[in-house]
Every structure is written in C-alpha cells, then in structure tokens.
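**Student:** Each chain, written out:
Number of protein chains: 2
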Amino acid sequence: MENSFYKISKTVSSLSAYTPGEQPKGGGWTKLNTNEFPYPPSPKVREAILQELGDDCAALRLYPAPLSDRLRAEVANFYGVEPKNAIGGNGSDDVLNLVMRAFGDENLKVAAMNPSYSLYPVLSKMQGAELLELDFECGLKLPLEKIVSSGANVFILTNPNAPLGVAFSDSEVEYLADNFKGLFVIDEAYAPFSGKTFSKFAASRKNVLCVGTSSKGWGLAGMRVGWAVGDEDIIKTLDVVRDSYNIDRLACAAAVAALRDSNYYENARRRVVESREDIEKFFGEMGWNYVKSSSNFVFVRPNKKGLSPAQAAKSYFEFLKADKILVRFWPNDKKICDGLRITVGTPSDMQKLKESSIKWKNQE
Amino acid sequence: MENSFYKISKTVSSLSAYTPGEQPKGGGWTKLNTNEFPYPPSPKVREAILQELGDDCAALRLYPAPLSDRLRAEVANFYGVEPKNAIGGNGSDDVLNLVMRAFGDENLKVAAMNPSYSLYPVLSKMQGAELLELDFECGLKLPLEKIVSSGANVFILTNPNAPLGVAFSDSEVEYLADNFKGLFVIDEAYAPFSGKTFSKFAASRKNVLCVGTSSKGWGLAGMRVGWAVGDEDIIKTLDVVRDSYNIDRLACAAAVAALRDSNYYENARRRVVESREDIEKFFGEMGWNYVKSSSNFVFVRPNKKGLSPAQAAKSYFEFLKADKILVRFWPNDKKICDGLRITVGTPSDMQKLKESSIKWKNQE
Numbered sequence: 001m002e003n004s005f006y007k008i009s010k011t012v013s014s015l016s017a018y019t020p021g022e023q024p025k026g027g028g029w030t031k032l033n034t035n036e037f038p039y040p041p042s043p044k045v046r047e048a049i050l051q052e053l054g055d056d057c058a059a060l061r062l063y064p065a066p067l068s069d070r071l072r073a074e075v076a077n078f079y080g081v082e083p084k085n086a087i088g089g090n091g092s093d094d095v096l097n098l099v100m101r102a103f104g105d106e107n108l109k110v111a112a113m114n115p116s117y118s119l120y121p122v123l124s125k126m127q128g129a130e131l132l133e134l135d136f137e138c139g140l141k142l143p144l145e146k147i148v149s150s151g152a153n154v155f156i157l158t159n160p161n162a163p164l165g166v167a168f169s170d171s172e173v174e175y176l177a178d179n180f181k182g183l184f185v186i187d188e189a190y191a192p193f194s195g196k197t198f199s200k201f202a203a204s205r206k207n208v209l210c211v212g213t214s215s216k217g218w219g220l221a222g223m224r225v226g227w228a229v230g231d232e233d234i235i236k237t238l239d240v241v242r243d244s245y246n247i248d249r250l251a252c253a254a255a256v257a258a259l260r261d262s263n264y265y266e267n268a269r270r271r272v273v274e275s276r277e278d279i280e281k282f283f284g285e286m287g288w289n290y291v292k293s294s295s296n297f298v299f300v301r302p303n304k305k306g307l308s309p310a311q312a313a314k315s316y317f318e319f320l321k322a323d324k325i326l327v328r329f330w331p332n333d334k335k336i337c338d339g340l341r342i343t344v345g346t347p348s349d350m351q352k353l354k355e356s357s358i359k360w361k362n363q364e
Numbered sequence: 001m002e003n004s005f006y007k008i009s010k011t012v013s014s015l016s017a018y019t020p021g022e023q024p025k026g027g028g029w030t031k032l033n034t035n036e037f038p039y040p041p042s043p044k045v046r047e048a049i050l051q052e053l054g055d056d057c058a059a060l061r062l063y064p065a066p067l068s069d070r071l072r073a074e075v076a077n078f079y080g081v082e083p084k085n086a087i088g089g090n091g092s093d094d095v096l097n098l099v100m101r102a103f104g105d106e107n108l109k110v111a112a113m114n115p116s117y118s119l120y121p122v123l124s125k126m127q128g129a130e131l132l133e134l135d136f137e138c139g140l141k142l143p144l145e146k147i148v149s150s151g152a153n154v155f156i157l158t159n160p161n162a163p164l165g166v167a168f169s170d171s172e173v174e175y176l177a178d179n180f181k182g183l184f185v186i187d188e189a190y191a192p193f194s195g196k197t198f199s200k201f202a203a204s205r206k207n208v209l210c211v212g213t214s215s216k217g218w219g220l221a222g223m224r225v226g227w228a229v230g231d232e233d234i235i236k237t238l239d240v241v242r243d244s245y246n247i248d249r250l251a252c253a254a255a256v257a258a259l260r261d262s263n264y265y266e267n268a269r270r271r272v273v274e275s276r277e278d279i280e281k282f283f284g285e286m287g288w289n290y291v292k293s294s295s296n297f298v299f300v301r302p303n304k305k306g307l308s309p310a311q312a313a314k315s316y317f318e319f320l321k322a323d324k325i326l327v328r329f330w331p332n333d334k335k336i337c338d339g340l341r342i343t344v345g346t347p348s349d350m351q352k353l354k355e356s357s358i359k360w361k362n363q364e
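Top line first, the protein sequences correspond to chains Z and C.
Residues in the first sequence are numbered from 1 upward in steps of one, following my numbering.
Residues in the second sequence are numbered from 1 upward in steps of one, following my numbering.
Please keep in mind that the hints were generated in silico from the structure rather than gathered at the bench.
Because identical chains share one entry, a pair is satisfied inside a single copy or across any pair of copies.
Here are the simulated lysine to aspartate or glutamate pairs, EDC-like style, with alpha carbons at most 20 Å apart:
{"id": "1", "residue 1": "K10", "residue 2": "E106"}
{"id": "2", "residue 1": "K292", "residue 2": "D135"}
{"id": "3", "residue 1": "K181", "residue 2": "D170"}
{"id": "4", "residue 1": "K292", "residue 2": "E280"}
{"id": "5", "residue 1": "K335", "residue 2": "E137"}
{"id": "6", "residue 1": "K236", "residue 2": "E22"}
{"id": "7", "residue 1": "K206", "residue 2": "E172"}
{"id": "8", "residue 1": "K25", "residue 2": "D69"}
{"id": "9", "residue 1": "K125", "residue 2": "E106"}
{"id": "10", "residue 1": "K10", "residue 2": "E130"}
Isolated chain Z (complex conformation):
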C-alpha cells in the first residue's frame, strides 16, 4: 500500500493485523469460537445503562470522566485493592496495547508462551519490540528458568492459557514474581473460570500487573471494558500512554454494575464450569485427547480412522461449520493445528455440539 505520496511507518509496513474470530452474520449459528459468556449479563447492567441514559440521553453529550474513576473504584473493590492500583481500558486489548507501548521498544523485548494469545505478536511488532516465544515444558509446565533468563523487559503469562485452557500454580507465579527481572504481566481474561486471580498479589508487588476483562467472565464482550491491577507506578505509566477518554459512559456504567453483582455471576459461572466438565467427559468418552481446562473453553484433539491428527481437526472443524457450529481452528499453526478450541456454551449449545460430533465420528 506504499505509494508516491506518503510512507508507512517501519513497524507497520510489514505488519499483518490480528485476525479475530469470525462474527457470523445472519442467525442460526451456535457460536463457540470467541469464548463469549453464554449467558446474558446481569439484569443490573440494563438498569445501570438506563439510569445513565436518563429520559433524553443528555449525559451522553458530555465527555466521560477521564480516569473512569467509578470503574477503578469498582475494580479495586472487587479485587480488594486500592483505586490507585487500578486502570481501565477499552477492552483488555487496549490495556495490553498500553503495556506494549509503555514497556516495549527496539531494545526492550517482550516474552510470552507459545501458544498463547495471538494478539501479543501483533502488538509487539507494531511497537518494534522483539517477541520471544517460549515453548512449554513437558506436561504444559512453564520453563521457569528460561523465562527468568530471557532478558525480556516484559513477560506476559496468559493464565489460564489460551488456547489450551491450562492454569498455572501459585508456586510458578510466585517464583516468576520473585525472580523475573522485568515486568511480569498476567493476562487473566479467563481467570473467572479458574476461580483464581493474582490481582491482589500483583498490587502487593512492584513488578506484577494483572490484566482482566469483562468480555469473558461478565458477558460484556460487546461493551469493551477491560482493566489492570498492579503497583501504582505501573498504573501511572500506563496512564501516560492511555487515551484520555478511553471508556465511554455506558460501557463504564455497564462494567461497574456487572462487577457489583457477584451473586449473579458466581451462579452463571458455576453453570459454565458444569457444562465444561460435562463436555470434557463427553470428549473422553469419544476417545479424544483434550487439555483439562480451567477456562470457558476446551482444547480438544479429535481423531478418526484414516486421518492424521491435523486432517482430523480440519475435517471436524469443517463438519461443525457446515452444521452451523462455529469453533476456533488454527490450521497454519504447527503447534495447535491438530486441535480445536471450543467455547463452553449453554447446555443446549453443548447438546448440539455433541450430536454433531457423533455424526462426524460415525461418518464414513
């Protein structure tokens, strides 16, 4: 796209955009491809939005509070930290972008596990920061010594990991916090389903930042609200690169109301975990290998006579899609091309998945 008029910046000219999961148009799809929450957000969310709207939406003509103070206070309350330890973003992708801009550059490398969230390579490349992609050790253990000696300025741990769903232990996280000589970022997008957050721990350390989002565990992917919790100096640095009004009024109201209604979400998440355990049992009965999940998705490796693992994954993916069930598949990634990442939906979504899976398995 270079032309005779203008040049494209050096980090962007060779960049490929992040590819989000498909958002199908038209109805009838069972959407198990982007790890959305299967239940509507809390009814309190609707009330809070209506209250912000008022009769004539007059509040919408005014800029939001630049610091999204209400959100910071609510995030702090939720995790048991101080508001000065919290920041909000236009989705956690915004927060991750701020982290890259503030702590990455040509001389400040970033490290992450491979596989993990495929946005990290895009953000680091855009910032001109080298991304060190580290392999798991046997049994999906973290290569602790390699992380510590990586020389990276930032290490991002997706915990639980996506797309594999595995969560890491307290001792692994504490070891890294104690020994990694850089900023240790824990991306907790899926932590609501593991029931374990390190946010309070992060706020007690100088070098740990936990990133969270309302998209996965609170049913607000459509509203784009994320956050981070950590040491005040880290938060201040992120605020320097943050857009002044990065969260709109209704998004802020929605996220605050959601964070407050813990009963509603605990109950809904319990149902997700029940459905996850049920579908894992089903995959086991099918004789398929899967990674025991601490998240709201399961990474499963289907098998079928006469097909290689990658062929089986592709065949299963296409069969499900023809049946209007959308899951996530990375055919071009050698490490994970033998499996599919399937979001845990409602019991009726899962019933549909089971039936389609059996049809595929039995198909000649």
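We have chain Z; now place chain C onto it with these hints.
**Tutor:** Just chain C, lined up with the frame of chain Z:
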C-alpha cells in the same frame, strides 16, 4: 517511575500525558471548556440504544462486528462516499493515534499548525516521530509553501482550527492536496459548525484523509465514536493498526442513529451558530478582540484597564471559575495565554457568561 525491575520505553519515559479539559464533579457548573454540544443527542439515539439492549441485554455478551460495518456504511452515506472509504474509531482521538502509528516514526515526521489540537504533540512523541509545529502567517493564513517544503510525511490541519476557530478556504485545502508530498490529514472535529466538510473530496484523492467525530457536532462526546474518510489504501493501513473491536455495540448504535437524523442536528446546530453570533457581538460590544469563529467556540482576548493581556485572561478565567463557569485557558502557552477558548452553550449558558463577564469588567 523507572525502577530496578523494568524499563520504560524510550518514547514514553519522557512523555507527559495529554491534559484534557477539566470534568468538574458535582452540579451547578456551566461547562464551556471542552466544546461539547449544548443539546442532548437526537431522540433516535435513545431508541437505537434500547433496541440494541433488548429485554435482557443478551446482545452485549457478543463481541461487536470487528469492522463496525454499520458505522462505516452510515458515515459513507452521510458524506456521499463508499463504505470502503470509511473507518471508525473509539473517538477521533483513536483515529488520530492510528494515523500517527501508521504514518509516523523516527524518520517520518509529522507537521501541524501551532496552535492547534494539543493532543498531536503527545501522539507524535509517543510514536517517536518529530512534530514540526508551523506558525500561521499574518491574518491566520496557512504558510502553504512552508507546509509543502516541510519534508513531513503527515500534515494535520485542524479545520476549523482549535483553539482559534478559524476555517480555511477551499483553495488553501486544494493547494495542499495537490502539492503536499505526504499524507494530508484534515481534522474536521468542528466542521459541523462551519458547514463545510472535505470528506468527499478526500475520498477522491490518494493522499487526503478527513477525520471526524460524533463528540462535537452530534452530542455524543460521552460515547466515544469518531471516524475517518479517505482513499481505500489509507483506510486499509489504518485497519492494520486498529484494535479489532474498537467500538462497542451501544456506541456504534448511537452514532449510526445520530448520523441518520440530519434534521434534528441541522436545527440544533443552527441554534449553536446563532448563539455564537450573539456572543461574538457581545464580545465586540465589550471592546474585546476575538477570532471570528467557524466553530462551536470563540477564542476571545478580554481586556481590562491596568492588566496586561495575559493578566487580563488569567483574571477573567479565575473570575468565571469562581462564578462556576468553566472555560479553557492555557496560561503556559505563549501564543494563546492572552485569550480564553469559550464553548458556545445554550442561550441560558451564554446569558450567565455575559452577566459574569460584565461583573468582571466592572470589578475594580
């Protein structure tokens, strides 16, 4: 904020964040400091938001359309261009940030007029791109030859200018489009009040991009929706650096509904222009110098016996603030420290401003 754990990226370590206009807490303020629209958004905005919410907000659990297709289509329709010529942002600040990231770097300079929008220096510095700040010629004319020979990869023209309110002529804009050897960005945040947009013109050129926002002319500052219109290749490049889901569902619905209701906005903007002409007349009667505005604010230089221009501006600013009228003042900027930028509010806001102004003028 550097410490023994991590380093801050080279462009951010010396960066100061943009300072947004004060958002006062508590009631009773006449807020004329951030150029918000003085009237509520169209009633259609509320309807569109309620429709997106539905009975149970179930849609909010799903990610928005990654391309915000509905917004692009509506922006295109509004300006008479094709959807491929349009992109949306989380406010036009998001779009401006994308422009900087895509087209600025250590070797690709950015140029802008001084004074103009004070976010540009922050964004360019964050990107490591040198910002060339160009002076106006006598009578607030653009230094066309200096812009053309600046060597910048991007020239951003705020049209109408902020904080001065002056709009530039067709011939100046066309001359730059024809002769500037880089990307010519026209920031049209205030164009709804000049009644003149170059968006359709931009889409017909290879090197022109018009940036717009719903914040100023559509009463949606609280919802954070901006856009840009230009050549398809420019839009594609911005899409590479854009966050996948940068506009939330309710923000998109609100902006689409607002763009559609042109009758409502034409009428409301006419009232703003009437109030602007009235307050300009008042400033003239006070014997104060002001820049004839094509925007929704007026830059005025108050005077008072015994005070230097900068002292008068400071005294007037503080007097208004004590009277709970908030306007914008840049005491540390030599070029504009002798004036105040005052948003055009409702007739009753303006009446309050007039009364307070007269009190200040008559005060010993």
